[in-house]
Every structure is written in C-alpha cells, then in structure tokens.
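*Asks:* Sequence:
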Amino acid sequence: MAETESQDTETTVKLLLLGDPGCGKSTFLSRLKSGKRPTPQPGTAPDSPTTLLRDTDQPFIYDIRFSKRKFTLELYDTSNPNQHWSSLQPDVVVLAFDISNRETLAGLRGWRNDIIRYFQHGQGERIPVMLLGLKRDLRKQGEGIIYPQETYRIAQELRCDRYAECSAVTGELLIETFEDLARLAGMTTTEKGGQTAGACTIL
1 MAETESQDTE TTVKLLLLGD PGCGKSTFLS RLKSGKRPTP QPGTAPDSPT
51 TLLRDTDQPF IYDIRFSKRK FTLELYDTSN PNQHWSSLQP DVVVLAFDIS
101 NRETLAGLRG WRNDIIRYFQ HGQGERIPVM LLGLKRDLRK QGEGIIYPQE
151 TYRIAQELRC DRYAECSAVT GELLIETFED LARLAGMTTT EKGGQTAGAC
201 TIL
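Residue numbers (UniProt numbering): 1 to 203.
Watch out, some of these pointers could steer you wrong.
[What the hints assert, rightly or not] Just the calculated beta-carbon pair ranges, DEER-fashion:
(1) K68 <-> E143: 43 to 53 angstroms
(2) K192 <-> P81: 31 to 41 angstroms
(3) L138 <-> T190: 30 to 40 angstroms
(4) S67 <-> K140: 15 to 25 angstroms
(5) E143 <-> Q120: 12 to 22 angstroms
(6) D57 <-> A106: 21 to 31 angstroms
(7) E150 <-> G110: 16 to 26 angstroms
(8) E179 <-> R139: 13 to 23 angstroms
(9) K192 <-> A106: 14 to 24 angstroms
(10) Q83 <-> K140: 18 to 28 angstroms
(11) P81 <-> Q141: 16 to 26 angstroms
(12) E176 <-> I116: 39 to 49 angstroms
[To be verified] Below 27 angstroms or equal to it, Euclidean Cα-Cα: the simulated DSSO-like pairs (lysine-lysine) are:
(13) K14 <-> K68
(14) K33 <-> K14
(15) K14 <-> K70
(16) K70 <-> K192
(17) K192 <-> K140
(18) K33 <-> K70
(19) K192 <-> K14
(20) K140 <-> K14
Hint data in this document are derived by calculation from the structure and do not stem from the laboratory.
Fair warning: this is a prediction, and the values are worked out from it, not measured in the lab.
Just so you know, even glycine gets a beta-carbon here, dropped at the ideal spot from N, CA and C.
With the hints as constraints, model all of the structure from the sequences given.
*Replies:* Printed below as a string of structure tokens:
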C-alpha cells in the first residue's frame, strides 16, 4: 500500500450496507457500535438485541487508523431516513445476507444489479463490493444449509472483491470482519484503489 500521503491526512470513506430486510444488518451495526453482546428482551427471539441503532442515527461514524493512515468511516444502512440509499455516492458497498435464509442469498443478485444501475456510470467503472454473511451462529446441519464454499462461489459470480461472515450475537469473527471492512475502505484512499485484482478474497 502506498504511503505517499501524510500520516495525519484524514479522509472520509462512505460505506453502504445493502441486503434484504431481516438479514441481520441492524444487529450487526449495533454490535459494532456498542461492542457488547446483545441480550434479548423477554418474549423476543434469541438473536434480538436489547438496543438497536435507530435509522435516525445514520450515518454511523467510526474513526479508523489503518496502516499508518487515518480516515473516518461513514456507514449507511439500506433504510437511511435522510435520503434513499440509491442517491448516496458510496466508496464501498457491502452486500449482506442471512446465512440461515436462502431467500436472502437469492436476493443478492438483485442488489448487485442495483449497484451497477445506480453507482457504475461509465464503461469499466466499478465500485469495491464486499459480500457479508450474517447470523453465522444459525448455520445448522440439514437440508438447505449454506456452506462457505457456495457463498464464495456466488461472491465470485457477483464480482465481489471480498467475502466474510460473522455472528453479531456470539461475536464470532466480528472483529475480523470489521477489520476487513476497514481495510477495504482504507484501500479506496490509495492510488491503487479498493478493487481486488483477480479472484475474490475470502476471510
């Protein structure tokens, strides 16, 4: 990674999180922001956190230092109350799906087409895209199970630059996933950019 800029140079990187309703985006963002394991309220599902970030809290701000480079990460969810997500100009897009729900996996192709429609305006222009599997703790053996090998293949088909999965409830791979998001966002501030040359990177 080039280090031609000053270490004190600060840049804002916009990241947009897209995915079907109920795939776990709000729980993921809330866990990232609070750093605490969500505890369910009485009468709610086991993976329902006590406190979720509200749509009106957007953008969710994170100050990042990556490879001696400082930048601010502005993270927007699909249900942004201030403007429709399609009118944003993100630097990175994260496609999220629920590992325990094949319908959200099938919905990724529609979201990927929307990325091309709204954010890629010139021939050969491409925005960095990361595929993110949520609710890893709900992956159970049985018919219809979504294995990482399958999602990695889909990530390649959709021309995603990276694939990662985690559980916001248990915290499994959560830190690693956020670090990879920050790494991809940080790469967009360099001359090389955030696109991955060749195949998708799996984490």
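*Asks:* If a hint holds in the structure, say so; if it doesn't, say that too.
*Replies:* To see whether the hints hold, each was checked on the structure:
1. K68 <-> E143: 43 to 53 angstroms: holds, 49 angstroms
2. K192 <-> P81: 31 to 41 angstroms: Holds - the Cβ-Cβ distance for K192 and P81, about 35 angstroms, lies within 31 to 41 angstroms.
3. L138 <-> T190: 30 to 40 angstroms: Cβ of L138 to Cβ of T190: about 36 angstroms, so the range 30 to 40 angstroms holds.
4. S67 <-> K140: 15 to 25 angstroms: violated, 38 angstroms
5. E143 <-> Q120: 12 to 22 angstroms: For Q120 against E143, whose Cβ atoms are near 37 angstroms apart, the range 12 to 22 angstroms is violated.
6. D57 <-> A106: 21 to 31 angstroms: For A106 against D57, whose Cβ atoms are near 30 angstroms apart, the range 21 to 31 angstroms holds.
7. E150 <-> G110: 16 to 26 angstroms: Given about 18 angstroms between the Cβ atoms, the range holds.
8. E179 <-> R139: 13 to 23 angstroms: Hint holds: Cβ distance 22 angstroms, inside 13 to 23 angstroms.
9. K192 <-> A106: 14 to 24 angstroms: violated, 33 angstroms
10. Q83 <-> K140: 18 to 28 angstroms: Since the Cβ atoms of Q83 and K140 sit about 38 angstroms apart, the hinted range of 18 to 28 angstroms is violated.
11. P81 <-> Q141: 16 to 26 angstroms: Once the Cβ atoms are compared, 40 angstroms apart, the range 16 to 26 angstroms for Q141 and P81 is violated.
12. E176 <-> I116: 39 to 49 angstroms: Once the Cβ atoms are compared, 28 angstroms apart, the range 39 to 49 angstroms for I116 and E176 is violated.
13. K14 <-> K68: holds, 19 angstroms
14. K33 <-> K14: It holds: about 16 angstroms lies between the C-alpha atoms, which stays within 27 angstroms.
15. K14 <-> K70: holds, 14 angstroms
16. K70 <-> K192: holds, 17 angstroms
17. K192 <-> K140: Answer violated: K192 to K140 is near 40 angstroms, above 27 angstroms.
18. K33 <-> K70: holds, 19 angstroms
19. K192 <-> K14: Roughly 17 angstroms between the alpha carbons, so the hint for K192 and K14 holds.
20. K140 <-> K14: violated, 34 angstroms
The structure is inconsistent with the numbered hints 4, 5, 9, 10, 11, 12, 17 and 20, although it conforms to all the rest.
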